[in-house]
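There are 2 protein chains.
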Amino acid sequence: MPYARVMQEKSSFERARSPQAKRMREQAILDAAVRLSTERGVRAVTLTDIAADVGLHKSAMLRYFETREEIFLRLAAAGWQAWSAAVRAELDDLGEDAPLPERAHRVAAILAGSLASRPLFCDLLAHTPLNLERNVSLATVRAFKVSALAEANAIATSLRRALPLDDAEARDVVATATGMAGALWQMAAPGTQLRNLYETDPQLSHAVVEVGPRLTAILARLLSGSLMS
Amino acid sequence: MPYARVMQEKSSFERARSPQAKRMREQAILDAAVRLSTERGVRAVTLTDIAADVGLHKSAMLRYFETREEIFLRLAAAGWQAWSAAVRAELDDLGEDAPLPERAHRVAAILAGSLASRPLFCDLLAHTPLNLERNVSLATVRAFKVSALAEANAIATSLRRALPLDDAEARDVVATATGMAGALWQMAAPGTQLRNLYETDPQLSHAVVEVGPRLTAILARLLSGSLMS
Chain G
1 MPYARVMQEK
11 SSFERARSPQ
21 AKRMREQAIL
31 DAAVRLSTER
41 GVRAVTLTDI
51 AADVGLHKSA
61 MLRYFETREE
71 IFLRLAAAGW
81 QAWSAAVRAE
91 LDDLGEDAPL
101 PERAHRVAAI
111 LAGSLASRPL
121 FCDLLAHTPL
131 NLERNVSLAT
141 VRAFKVSALA
151 EANAIATSLR
161 RALPLDDAEA
171 RDVVATATGM
181 AGALWQMAAP
191 GTQLRNLYET
201 DPQLSHAVVE
211 VGPRLTAILA
221 RLLSGSLMS
Chain X
1 MPYARVMQEK
11 SSFERARSPQ
21 AKRMREQAIL
31 DAAVRLSTER
41 GVRAVTLTDI
51 AADVGLHKSA
61 MLRYFETREE
71 IFLRLAAAGW
81 QAWSAAVRAE
91 LDDLGEDAPL
101 PERAHRVAAI
111 LAGSLASRPL
121 FCDLLAHTPL
131 NLERNVSLAT
141 VRAFKVSALA
151 EANAIATSLR
161 RALPLDDAEA
171 RDVVATATGM
181 AGALWQMAAP
191 GTQLRNLYET
201 DPQLSHAVVE
211 VGPRLTAILA
221 RLLSGSLMS
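In order, the protein sequence lines correspond to chains G and X. Under the UniProt record's numbering, the residue at position 145 of the first sequence is numbered 145, and the numbers go up by one with no gaps. Under the UniProt record's numbering, the residue at position 13 of the second sequence is numbered 13, and the numbers go up by one with no gaps.
Chain G on its own, in the form it takes in the complex (with noise of 0.2 Å):
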């Protein structure tokens, strides 16, 4: 076996004492469930999955992450922080000079953009709900949720700058975006075979969805219909 084989494989096996070398082991594990989440979709990786790629045995892996939710929680959370940052610097800088439909036309399109290339986030924005929310503590839940809303209440902030919006009805804008974005991509990407069914058999040729200029559409007719209110 070559020298830096074996301290490779030294180094992944050793217990992580200092709180450094602890924050390097959790986001190579992070690392690895992004890599892999995003070859296969989130659904498909399990924590067996996660301890083989980054070379620690299951058990080792319970001194970081409690369990692949909060794994994938960490990563939802990431992903809103990023996401957020993205679309309000977009959102910010639209100015008011284009008159007020082409302007509402332009968020639909930077909101359902940022999010149709963030395919990873739209898998992990279906699944939060549904199954990451589970296998976690309620402090676990409690934090992704407070950092969750305050992204969503963030880019709201924005949306209400770009268009003259009231809060409840930028709110609305931003959960039919996260939303559909999770809803529409799963259908857009439903694993190989599946997809492959959908565009080879004409009867399902219909539920083959782009997710990109779908959401555009559909955040476009939203946000002309909030402005007439």
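These are computed hints drawn from the structure, not numbers from a lab. Careful: at least some of the hints might be erroneous.
Claimed, not checked - Quick list of simulated restraints, FRET-style, between CB atoms:
1) Leu94(G) <-> Met228(X): 34 to 42 Å
2) Pro99(X) <-> Ser117(G): 37 to 45 Å
3) Gln203(G) <-> Ala86(X): 36 to 44 Å
4) Asp93(G) <-> Leu62(X): 51 to 59 Å
5) Asp92(G) <-> His206(X): 34 to 42 Å
6) Pro164(G) <-> Asp53(X): 24 to 32 Å
7) Glu26(X) <-> Gln203(G): 24 to 32 Å
8) Glu26(X) <-> Arg17(G): 56 to 64 Å
We put the beta carbon where it would ideally sit given N, CA and C, even for glycine.
Please build the complex by placing chain X on the supplied structure of chain G, with the hints as guidance.
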């Protein structure tokens, strides 16, 4: 052991031999799945739970259904048929007397109200693409998809009789109604402990969702925006 109880146990364990007896047994399994998942939520109900409720051994269940997913996919198909029939009857009754904005609001209330009054269907809608379309044969998924798409298209046709929408707009309204019913229901009823956390925590009280009113507001704005284009 009383005679009736003996007979009941005998008949539950007996193999259903005639096609009619087989259909009755299938229906008993589906009824048990409805009862258990209405009580606990779809996610929490296993094949073993359903088997225990009908008084069959898990291995005997496999004569009727391959997996729990196949049972719930059958319930989802039945849910689409029942919801579609109910919502189309209400839409077809609407008439054209009311002015357009008021009619759009009534259509939104019909769609949202008929979904909110079917919590098990909302639960199934969220689970279908994520969890239920997987552990079943492609033929089963195909049959489910063809049937659900036919109902969605029939509802879109009724929508276009009630309001001047084009085909894409009408289909997007159905997709948003069902997608957001699933997403909002998951937030509204995420298990007693979580719901309790949301309600008692001032930082999380925004996370509490009432499916009916929230979905009505979103669909009313989506419909108004669709009518403008």
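Status of the hints after comparison with the structure:
{"no.": "1", "hint": "Leu94(G) <-> Met228(X): 34 to 42 Å", "result": "21 Å, violated"}
{"no.": "2", "hint": "Pro99(X) <-> Ser117(G): 37 to 45 Å", "result": "41 Å, holds"}
{"no.": "3", "hint": "Gln203(G) <-> Ala86(X): 36 to 44 Å", "result": "24 Å, violated"}
{"no.": "4", "hint": "Asp93(G) <-> Leu62(X): 51 to 59 Å", "result": "58 Å, holds"}
{"no.": "5", "hint": "Asp92(G) <-> His206(X): 34 to 42 Å", "result": "23 Å, violated"}
{"no.": "6", "hint": "Pro164(G) <-> Asp53(X): 24 to 32 Å", "result": "54 Å, violated"}
{"no.": "7", "hint": "Glu26(X) <-> Gln203(G): 24 to 32 Å", "result": "25 Å, holds"}
{"no.": "8", "hint": "Glu26(X) <-> Arg17(G): 56 to 64 Å", "result": "58 Å, holds"}
Checked against the numbered hints above, the structure violates hints 1, 3, 5 and 6; every other hint is satisfied.
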